[in-house]
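Assemble chain P onto chain L, guided by the hints.
There are 2 protein chains.
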Amino acid sequence: MKNIFDRKITSKFLYTVLVAFSVASCSSPKSADESIPASETDGNEQRGQLASWQDEPRDRIMDWVTSATTEGNSGFIPIADRIAVFDNDGTLWSEQPIYFQLAFAIDEVKRMAPEHPEWKKNASIKALIEGDMDKFLSGGQNALVEALAITHSGMSVEEFDSHVKAWMNTATHPKSGKHYNEMIYQPMLELLDYLRANDFKTFIVSGGGIDFMRAWTEEAYGIPPYQVVGSQLGLSYVDSLAMPELIKTPELYFNDDKAGKPVGIYRHIGKRPVFAGGNSDGDYQMLQYTSTGEGSRFGLIVHHTDSVREVAYDRDSHIGQLNKGLDDAAKYNWLVVDMQKDWKVVYPFEMGNP
Amino acid sequence: MKNIFDRKITSKFLYTVLVAFSVASCSSPKSADESIPASETDGNEQRGQLASWQDEPRDRIMDWVTSATTEGNSGFIPIADRIAVFDNDGTLWSEQPIYFQLAFAIDEVKRMAPEHPEWKKNASIKALIEGDMDKFLSGGQNALVEALAITHSGMSVEEFDSHVKAWMNTATHPKSGKHYNEMIYQPMLELLDYLRANDFKTFIVSGGGIDFMRAWTEEAYGIPPYQVVGSQLGLSYVDSLAMPELIKTPELYFNDDKAGKPVGIYRHIGKRPVFAGGNSDGDYQMLQYTSTGEGSRFGLIVHHTDSVREVAYDRDSHIGQLNKGLDDAAKYNWLVVDMQKDWKVVYPFEMGNP
Chain L
1 MKNIFDRKIT
11 SKFLYTVLVA
21 FSVASCSSPK
31 SADESIPASE
41 TDGNEQRGQL
51 ASWQDEPRDR
61 IMDWVTSATT
71 EGNSGFIPIA
81 DRIAVFDNDG
91 TLWSEQPIYF
101 QLAFAIDEVK
111 RMAPEHPEWK
121 KNASIKALIE
131 GDMDKFLSGG
141 QNALVEALAI
151 THSGMSVEEF
161 DSHVKAWMNT
171 ATHPKSGKHY
181 NEMIYQPMLE
191 LLDYLRANDF
201 KTFIVSGGGI
211 DFMRAWTEEA
221 YGIPPYQVVG
231 SQLGLSYVDS
241 LAMPELIKTP
251 ELYFNDDKAG
261 KPVGIYRHIG
271 KRPVFAGGNS
281 DGDYQMLQYT
291 STGEGSRFGL
301 IVHHTDSVRE
311 VAYDRDSHIG
321 QLNKGLDDAA
331 KYNWLVVDMQ
341 KDWKVVYPFE
351 MGNP
Chain P
1 MKNIFDRKIT
11 SKFLYTVLVA
21 FSVASCSSPK
31 SADESIPASE
41 TDGNEQRGQL
51 ASWQDEPRDR
61 IMDWVTSATT
71 EGNSGFIPIA
81 DRIAVFDNDG
91 TLWSEQPIYF
101 QLAFAIDEVK
111 RMAPEHPEWK
121 KNASIKALIE
131 GDMDKFLSGG
141 QNALVEALAI
151 THSGMSVEEF
161 DSHVKAWMNT
171 ATHPKSGKHY
181 NEMIYQPMLE
191 LLDYLRANDF
201 KTFIVSGGGI
211 DFMRAWTEEA
221 YGIPPYQVVG
231 SQLGLSYVDS
241 LAMPELIKTP
251 ELYFNDDKAG
261 KPVGIYRHIG
271 KRPVFAGGNS
281 DGDYQMLQYT
291 STGEGSRFGL
301 IVHHTDSVRE
311 VAYDRDSHIG
321 QLNKGLDDAA
331 KYNWLVVDMQ
341 KDWKVVYPFE
351 MGNP
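Residue numbers (the numbering used here), protein chains in the order written: chain L, 1 to 354; chain P, 1 to 354.
Just chain L, same shape as in the assembly (with noise of 0.2 Å):
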């Protein structure tokens, strides 16, 4: 995805948020019994096999792991360097039809503006303070900039976590009406889950916001908070205070998107990946890096095809734009799956309750 932090939105982005949440904005408690059980890092039979995968992809995707871990093919990796990277919004979950950390913040700001009169000097989140979408979405990037930074800093990581995790309880998406972390790609997880049975490392690379994804990644993916690369905001030591705390602070200080990605790559984990994940430009140049590495190298983009269970989109959207990657995904022997012929599933509800 692109970095949400960044002012340069389009106002066809904005007239989407609008849309999107003049349907939006309803919530519920989630049930304990509704809860998505973790994801198995040792990994079950099922997800093992990649049995939501059509046999052309999976084949690709295994004879090449099978390549990768078979140790005097001309293929092998050691275990040490198989590192597998992963876009998230539009990747691991879906981005439609506004990213899932912007919807976070805007339902933050309302939570939120009862303990923050001061908000309300600001006409465009005044506005969506008092249901205005309308007039806040005049105030274009800026409104939706300054959104996410009110609720995203302020606050110490804990309390941030806390407030990311309580909204993932609650909030719903309007299409879909399921909570944000159920509408997570059940074939990608069949694939975490097989690569790291097979030794990779799995890592998030993500434009998204590393502390607003690290709250519920591992209980979604199996992935660790250490093991989430994303765009970062400002960070404050203060030891003022009995239990000293990290203050999060509103300015950009990564953007963890295009050519920032291999550097957050590299600034995280130290290694060029050998496995990338992705879906749209902004993930071109991790892509690239990992596939003009040295030895065998396993690029796969994410073609959004399926307009009846999720949304079709690809050169003109703007979100996830993917025109670039498409042009050059054979170059560089990119797999692009595609989601409507090469997924039997999408989202794990609908393999319904076991």
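Hints are not guaranteed to be accurate.
No copy is singled out in the list; a pair is fine if it fits within one copy or between any two copies.
Using 20 Å as the maximum straight-line C-alpha spacing, the simulated PhoX-like pairs for lysine-lysine come out as follows [claimed, not checked]:
# : residue 1 : residue 2
1 : 201       : 324
2 : 135       : 121
3 : 135       : 110
4 : 120       : 135
5 : 201       : 271
6 : 165       : 271
7 : 121       : 271
Hints in this document: simulated from the structure, not taken from any laboratory.
Predicted model, so just to flag it, every value in this text is computed and none were measured.
Chain P only, in chain L's frame:
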């Protein structure tokens, strides 16, 4: 340690550099049978029992770990939260008479000079190249920072990595005559293995350069690159080549020292550690951040008291100064390890060849 890119290096420190390098700069190739075996991440029995520790500190560490890993115990810590962080210079390996990374930079200036005639435009660097250490040091902090910058940037991350590895295999310490990666602390290797055997994740959190450490920490400590946090220079993705590369650039991007350590920890790990080890006031905030979290915590300070086997220094030292840490050790219940009394051996090479 103090961040070595920091320009606020005292003149006394410069004097130390001078003394050190009047006797240093002897390099010899390291033969294969001299090489240090890789640290075993699964732990061998001897290290697993903290064999090089005297009874008192060993019992205190083991009692805490037993409590942290015993379900039902009030000090129990779930596996996902067993995060242990360690400073590097002066905590896992020696740092006297000068930070080893600075020794690397000085050696590298001399080695690389023939490829860089432009370096002689800087009078201090010219003096260093021509062997005039007095004149080089008269350039003060700026001269040292310049030596670091030119040897740590202007090349791909892979090239830099190969430079560090080559230096580590040839350069030797002016006092011990050993390769620098042989001057790691045997009791700390045992502690790392012991914690890992008890399902702790071990991380390095150092003021030293992240890329400099990653070149050798996996072999020396069993700590992979993605578990190393350190100070960072700039990084730029260059895709105008057949094989796109990350190029190191000279600006200071992140200073992983003092209050920067809790920040670096959160940016990379995303959790508050439960165990921290350090040796200087540069580690104070990391130890404080760790020790003031909720639940069971362990903080450890390596106190350099051994003038025979290593170097004795603390409150007045300009390398690894330990002042506030000693004052507040009791307040935070930090274990102050007396190297002379508490460690049966300091370096692995004291144990003889097996």
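Practice problem: If the cutoff is 20 Å on CA atoms, where do residue 201 and residue 271 land: within, between, both or neither? Let me know, please. | Solution: Answer is both; intra-copy 11 Å and inter-copy 19 Å each pass.
Practice problem: Using 20 Å as the alpha carbon limit, work out where residue 165 and residue 271 are close: within a copy, between copies, both or neither. | Solution: Close across copies (15 Å), not inside one copy (31 Å); limit 20 Å.
Exercise. Can you give me the call for residue 121 and residue 271, within, between, both or neither, at a CA distance of at most 20 Å?
Key: For residue 121 and residue 271, the Cα distance exceeds 20 Å both inside one copy (46 Å) and across copies (35 Å).
Exercise. Check residue 135 against residue 110 for me: Cα-Cα at most 20 Å, and say if that holds within a copy, between copies, both or neither.
Key: For residue 135 and residue 110, the Cα distance is within 20 Å only inside one copy (15 Å; across copies 64 Å).
Self-check item: Intra/inter-copy verdict for residue 201 and residue 324 if alpha-carbon distance must be at most 20 Å
Solution: So residue 201 and residue 324 fail the 20 Å test inside a copy (28 Å) and across (39 Å) alike.
Quiz item: Within a copy, between copies, both or neither: where do residue 135 and residue 121 come within 20 Å Cα-Cα?
Solution: within (14 Å within a copy, 59 Å between copies)
Quiz item: Quick one: residue 120 to residue 135, C-alpha cut-off 20 Å, is that within a copy, between copies, both, or neither?
Solution: within (13 Å within a copy, 61 Å between copies)
Checked against the numbered hints given earlier, the structure breaks hints 1, 7 and satisfies all the rest.
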